[in-house]
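Residue numbers (our numbering), protein chains in the order written: chain R, 1 to 211; chain P, 212 to 430.
Don't read these hints as lab results, they were simulated from the structure.
The beta carbon of each residue, even a glycine, is placed where N, CA and C say it ideally should be.
Check the hints yourself; a few may be wrong.
Claimed, not checked - FRET-style restraints, in silico, Cβ to Cβ:
hint, chain 1, residue 1, chain 2, residue 2, range
1, R, H117, P, Q270, 19 to 29 Å
2, P, D362, R, K138, 48 to 58 Å
3, P, N395, R, R66, 22 to 32 Å
4, R, K120, P, G242, 28 to 38 Å
5, R, D185, P, Q419, 55 to 65 Å
6, R, K58, P, N224, 47 to 57 Å
7, P, S397, R, K120, 22 to 32 Å
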Amino acid sequence: MKILAINGSPRKNRNTTALLQAALDGAASKGAETEMINLYDLNFKGCKACYGCKLKNKTVNQCIIRDNLHDVLSKVLECDALLLGSPIYFNEVTGEMRSFLERLWFPYISYDNKAPHFPKKLPSVFVYSGNITESLYKEGFYDNVFEGNKKLLDNIIGPSQYTVSCETQMFDNYDRYVSSRFDADYIIKRHQTVFEDDKARMWSIGESLIK
Amino acid sequence: MKAVFINGSPRKNWNTYKLLMSALKGAENAGAQTEFYNLYDLNFTGCRSCFACKIKNAQTHGACAYPDDLKPVMDAVKEADILILGSPVYLGNISAQLNLFWERLMFTNISYNSSDSGKRVMEKEKRCAMIMTMGAPENFMVHSGYKSNFDYMGQMLGHMMGGKPAEMLYCNDTYQFSDYSKYNISPDRADPMHKEKHRDKQFPVDLQHAYELGRRICQ
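Same shape as in the complex, but just chain R (with noise of 0.2 Å):
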């Protein structure tokens, strides 16, 4: 089985990477292939509007546009589950991840009333990050994305689950930037704690995609 999982983060060794690797070594001890993608290496735009995707007698497998996101596309189509990851900007996930996301929904969605033509039903697990609290979460603050995300990859791609980690750590040492908003030392020690619980809730959600 193939996992592949598509980051979001432009920083590598930082929280939505490690808990997207989290899961893809869930699914790894149970024996599948996996593979993370970090959008920010990539040289790619959102839609274009070319519609290509939309032309009379003609269905296409994924977005027509090749550039370094073609094959990723076409490794979406090839995978058993997939992974997205995104750290919270300004109340929506990065514009990488948004770009993706564009390429990845709009080629099939129809606008003639027909169902979007993915070809499989493929799981999704989406995984946020940030300094979002935990409160102003469980109060749906941010659920026209978690929710509106959630409800395109159902419909388009497949069964889709969230999951959330609030209150993550930015900087190593808080001390060097502007940041008196943070409790630093309350940050260090949830992320010593709280965040290794959502590393290991990552690694059961990667085993349980491994049937």
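Position chain P against the provided structure of chain R, taking the given hints into account.
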């Protein structure tokens, strides 16, 4: 008076572009110096979380230091008095390409000091506007929640750039394809005859509103 226009649409000479150019002409008419940037022509990423803009006492504090195609745009925006963004609606959001710019702009302006409470760092206040174009008609825009999401973005933008919420101009039910017959489109989704009529009747009005917005915001 310097006005910077940011085009978040991939297509030149279509709806978003034309509305922004109309606003630009209004701004020029009001005597502003104008600059226009097409984001899809540039190679850049979103925020890389380098945090140079947050380092205490560094010269980079408050400016996006990342040296890519967006740097000249960020420099222009920094000196601008007026900032006007334009975007189509892609999957309920601004275009991803505009989102990349949005991160770079907004994050450098936000302060993580508790006493600043998220206020802007950038020195020069700007008056802002956002022009959103979409195929969706107005009632869908309202019922789907798009309008309240974009209004909120306009408030965030205005707050970050100087105080007043950004002025929002919505352009609905836009004409989307040069040849509708090439595509499978159900009539309840988009009737080409209706779209044509709407384009001929309403789009010139939208262009005029954009022109007036450009002129008014520069006065």
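These are the hints, each one checked on the structure:
no., hint, in the structure
1, R:H117 <-> P:Q270: 19 to 29 Å, "violated, 52 Å"
2, P:D362 <-> R:K138: 48 to 58 Å, "violated, 25 Å"
3, P:N395 <-> R:R66: 22 to 32 Å, "holds, 23 Å"
4, R:K120 <-> P:G242: 28 to 38 Å, "violated, 59 Å"
5, R:D185 <-> P:Q419: 55 to 65 Å, "holds, 57 Å"
6, R:K58 <-> P:N224: 47 to 57 Å, "violated, 25 Å"
7, P:S397 <-> R:K120: 22 to 32 Å, "holds, 25 Å"
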